[in-house]
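Visitor: Here is how the chains run, residue by residue.
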Amino acid sequence: MSAAWRASLQRFLITGPPLVYLLLFFGIPTLIMVLASLRLPGEFGGLAPLWETGPSGTELNLSLESYGRFFSDSLYAWLFFKSFLYALVTAVACLLLAYPLALLIARSPGKRRDLLVLLVILPFWSNFLIRVYAWMIILGPESVLTRTLNALLAGLGIAPVELLFTPFAVLVGLVYVHLPFMVLPLFANLEKHDPALLDAAQDLGARSWQRFWRVTFPLSLPGVLAGAALVFIPALGIFAIPDILGGTDSILIGNVIKQQFLDARDWPFGSVLSMVLTALAVAFAAAAAWVASRQRL
Amino acid sequence: MKRGSWLLWGSALLVYGFLYLPLAIVVVYSFNDSRLNAEWVGFTWHWYDVLFHDEQMLEAAGNSLIIGLVASAVSTLLGTAAGYALYRFKSRVLAILVLSPIAIPEILMGVSLLIFFVMLNLTLGLVSIILSHVAFCIGFVAIVVRSRLAGMDDSLIEAARDLGATPWKAFRLVTLPLIMPGIIAGALMAFTLSIDDFVITFFTAGVDSTTLPLQIYSMIKIAVTPEVNAISTLLMLLTLFLIVGASKLAPGALRAA
Numbered sequence: 001m002s003a004a005w006r007a008s009l010q011r012f013l014i015t016g017p018p019l020v021y022l023l024l025f026f027g028i029p030t031l032i033m034v035l036a037s038l039r040l041p042g043e044f045g046g047l048a049p050l051w052e053t054g055p056s057g058t059e060l061n062l063s064l065e066s067y068g069r070f071f072s073d074s075l076y077a078w079l080f081f082k083s084f085l086y087a088l089v090t091a092v093a094c095l096l097l098a099y100p101l102a103l104l105i106a107r108s109p110g111k112r113r114d115l116l117v118l119l120v121i122l123p124f125w126s127n128f129l130i131r132v133y134a135w136m137i138i139l140g141p142e143s144v145l146t147r148t149l150n151a152l153l154a155g156l157g158i159a160p161v162e163l164l165f166t167p168f169a170v171l172v173g174l175v176y177v178h179l180p181f182m183v184l185p186l187f188a189n190l191e192k193h194d195p196a197l198l199d200a201a202q203d204l205g206a207r208s209w210q211r212f213w214r215v216t217f218p219l220s221l222p223g224v225l226a227g228a229a230l231v232f233i234p235a236l237g238i239f240a241i242p243d244i245l246g247g248t249d250s251i252l253i254g255n256v257i258k259q260q261f262l263d264a265r266d267w268p269f270g271s272v273l274s275m276v277l278t279a280l281a282v283a284f285a286a287a288a289a290w291v292a293s294r295q296r297l
Numbered sequence: 001m002k003r004g005s006w007l008l009w010g011s012a013l014l015v016y017g018f019l020y021l022p023l024a025i026v027v028v029y030s031f032n033d034s035r036l037n038a039e040w041v042g043f044t045w046h047w048y049d050v051l052f053h054d055e056q057m058l059e060a061a062g063n064s065l066i067i068g069l070v071a072s073a074v075s076t077l078l079g080t081a082a083g084y085a086l087y088r089f090k091s092r093v094l095a096i097l098v099l100s101p102i103a104i105p106e107i108l109m110g111v112s113l114l115i116f117f118v119m120l121n122l123t124l125g126l127v128s129i130i131l132s133h134v135a136f137c138i139g140f141v142a143i144v145v146r147s148r149l150a151g152m153d154d155s156l157i158e159a160a161r162d163l164g165a166t167p168w169k170a171f172r173l174v175t176l177p178l179i180m181p182g183i184i185a186g187a188l189m190a191f192t193l194s195i196d197d198f199v200i201t202f203f204t205a206g207v208d209s210t211t212l213p214l215q216i217y218s219m220i221k222i223a224v225t226p227e228v229n230a231i232s233t234l235l236m237l238l239t240l241f242l243i244v245g246a247s248k249l250a251p252g253a254l255r256a257a
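Keeping their order, the protein sequence lines are chains A and B. Numbering-wise, our numbering puts 47 at position 47 of the first sequence, and it's gapless, one number per residue. Numbering-wise, our numbering puts 111 at position 111 of the second sequence, and it's gapless, one number per residue.
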């Protein structure tokens with residue numbers, strides 16, 4: 001056996017299994033979803049047969065009907081826009097909360113730094129539903145927070161408010177679940193800054209706020225961008241948080257996709273919504289990458 | 001300390017409080033002698049007792065354990081190969097396939113796998129859940145293994161080859177022991193991800209099989225009792241144990257993923 005042949009055999013044997021697995025259980029299902037968006041809904045849910053043999057011969061059951069339905073009803077465009085707004089507010093709120101934390105971690109000495117990073121990571125690895133459930137307790141009508149708030153409001157002569165099952169609760173849940181995704185890329189960026197830059201700025205007479213706004217923050221923009229993409233993109237498609245913490249007014253696109261697949265059982269239309277969501281996610285990821293490369297961030 | 005650093009510490013502590021207080025509340029109320037998660041009444045083990053006599057919950061726990069073990073074993077094998085391939089051959093197609101499941105909204109993978117399994121006429125259940133879990137765990141294992149390989153000194157392999165080792169022998173005796181902590185950390189992460197996954201399981205589980213997160217979800221949606229807090233507390237303990245273990249084995253690995 002020649003060495004070149006052996007090398008390519010080795011490459012094939014190592015790359016092959018994960019490649020085939022991911023093609024089979026990620027690549028093909030994604031392509032099937034593209035096809036499903038062009039098919040007709042089945043009589044009892046799911047998909048209608050792809051081929052149909054009638055008196056006039058065999059016909060292929062493909063149509064743009066579901067896409068037509070999507071574009072003819074502004075409700076769905078509105079739902080995407082609403083999901084976009086929720087994801088945007090989430091990303092901004094995460095940035096505001098994450099920045100001081102990331103800065104503190106980056107400026108801590110080695111040992112303590114590792115501990116502080118671990119403390120950010122641990123909640124991320126705890127079960128997603130538990131983290132959402134925790135807010136169901138905190139914002140519930142009988143909770144300490146709600147009762148205290150309403151007692152204060154009563155003192156001011158304002159009618160009591162509800163916290164759970166509101167858009168506010170959904171946003172709190174979204175921020176809570178996605179916060180670590182913002183802290184870690186920010187920290188990874190801030191960690192690399194040369195402290196000499198801040199010393200130089202100070203020697204030149206910059207005050208602490210000036211040092212932050214004119215040195216640290218501009219240098220951290222790649223981290224901000226990476227964190228924003230990591231928060232924004234998953235937040236776009238979330239369905240469990242509005243499902244658990246939201247009311248009827250905080251339904252997002254993820255909830256409608258779930259509904260189409262499990263309740264309404266109109267798979268072609270659910271696939272259309274999924275395709276649009278995929279397109280948006282890819283577009284935002286590409287935009288973030290483009291901005292990063294253009295600015296040489 | 002300077003004024004600026006007080007400000008920084010103060011706001012950072014608030015954010016840590018925001019991260020941990022909700023989880024602490026879940027744990028505290030799991031010992032509360034009241035059906036409502038509203039007020040501290042008194043200490044009890046009652047909800048743990050209820051939990052350990054809840055047939056459905058125990059069945060769900062058993063399923064989660066089986067799924068987690070099988071999915072993490074398979075994804076560790078495939079993910080290690082993928083991590084090695086990414087590092088050694090820099091395959092772009094593989095990189096896209098490995099990273100996309102992590103980057104896109106989870107619901108998309110959930111619904112596309114649902115369509116796929118139904119088209120294959122595969123009955124939804126443990127098998128479809130395991131197949132799906134492996135698909136999203138591979139990427140996490142691959143990233144950890146790749147970063148471990150990147151931190152390795154390539155001249156060690158060259159030395160082994162110069163001393164007459166075959167490529168396979170060099171891999172088995174030099175590379176594998178060196179990246180082993182990364183592989184184990186990847187396996188622990190895969191197990192944690194599988195045990196905790198809700199979204200993809202939700203779409204690929206079908207009607208007859210349930211896992212711990214699915215069981216927790218249905219209790220949250222239908223009738224919340226502090227039994228949910230009890231199972232949550234135990235799950236968090238398990239995760240804590242696994243993740244601290246993984247971070248000891250491969251420092252920085254969790255950050256990479």
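Quick caveat, the hints were computed from the structure, so don't treat them as lab data. C-beta: ideal position from N, C-alpha, C; glycine also. Just to be clear, a hint being listed does not mean it is correct.
Said to hold, decoys possible - Label pairs and their in silico Cβ distance ranges: (1) A:Leu156 with B:Lys221: 19 to 25 Å; (2) A:Leu156 with B:Gln56: 43 to 49 Å; (3) B:Leu122 with A:Leu153: 36 to 42 Å; (4) A:Val144 with B:Leu58: 41 to 47 Å; (5) B:Ile222 with A:Ala264: 18 to 24 Å; (6) A:Phe12 with B:Ile66: 45 to 51 Å; (7) A:Leu221 with B:Leu7: 52 to 58 Å.
Visitor: Taking the hints in turn, state whether each one holds.
Guide: Outcome of the hint check:
no.	hint	verdict
1	A:Leu156 with B:Lys221: 19 to 25 Å	35 Å, violated
2	A:Leu156 with B:Gln56: 43 to 49 Å	47 Å, holds
3	B:Leu122 with A:Leu153: 36 to 42 Å	54 Å, violated
4	A:Val144 with B:Leu58: 41 to 47 Å	33 Å, violated
5	B:Ile222 with A:Ala264: 18 to 24 Å	21 Å, holds
6	A:Phe12 with B:Ile66: 45 to 51 Å	32 Å, violated
7	A:Leu221 with B:Leu7: 52 to 58 Å	22 Å, violated
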